[in-house]
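J.: For reference, each letter of the sequence shown is one residue, going 432 to 475 in the working numbering.
Hint data in this document are derived by calculation from the structure and do not stem from the laboratory.
Think of the CB as a built atom: it goes at the ideal place given N, C-alpha and C, for glycine as much as any other residue.
Worth double-checking, as some hints may not be accurate.
Using C-beta positions, here's what the derived DEER-type ranges look like [said to hold, decoys possible]:
| no. | residue 1 | residue 2 | range |
| --- | --- | --- | --- |
| 1 | GLY474 | MET432 | 26 to 34 Å |
| 2 | MET432 | MET453 | 25 to 33 Å |
| 3 | MET432 | ASP467 | 26 to 34 Å |
| 4 | SER471 | MET432 | 25 to 33 Å |
| 5 | GLY474 | ASP433 | 24 to 32 Å |
| 6 | LEU475 | SER444 | 14 to 22 Å |
| 7 | LYS441 | SER463 | 15 to 23 Å |
| 8 | LEU437 | LEU458 | 24 to 32 Å |
| 9 | ARG470 | SER444 | 24 to 32 Å |
| 10 | PHE440 | GLN473 | 17 to 25 Å |
| 11 | ASP433 | SER471 | 26 to 34 Å |
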Amino acid sequence: MDDLTLRLFKLSSEGFCCAQIMYKLALEDEGSQNEDLIRSAQGL
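Whenever a hint applies, use it, and build me the whole structure from the sequences.
T.: If you want it as structure tokens, here you go:
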């Protein structure tokens, strides 16, 4: 498994849904954080 697959598995096992994972990975790629955005993506 590559790093991205392991990261996806970890986030999924932490209870994040698809949209939250996509936002979280994009924000990490930019070097920023926005927990409110991640939390609000739960409803998508």
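J.: Going through the earlier hints one by one, which of them does the structure break, listed in rising order?
T.: When the structure is compared with the hints, numbers 2, 8 and 9 turn out to be violated.
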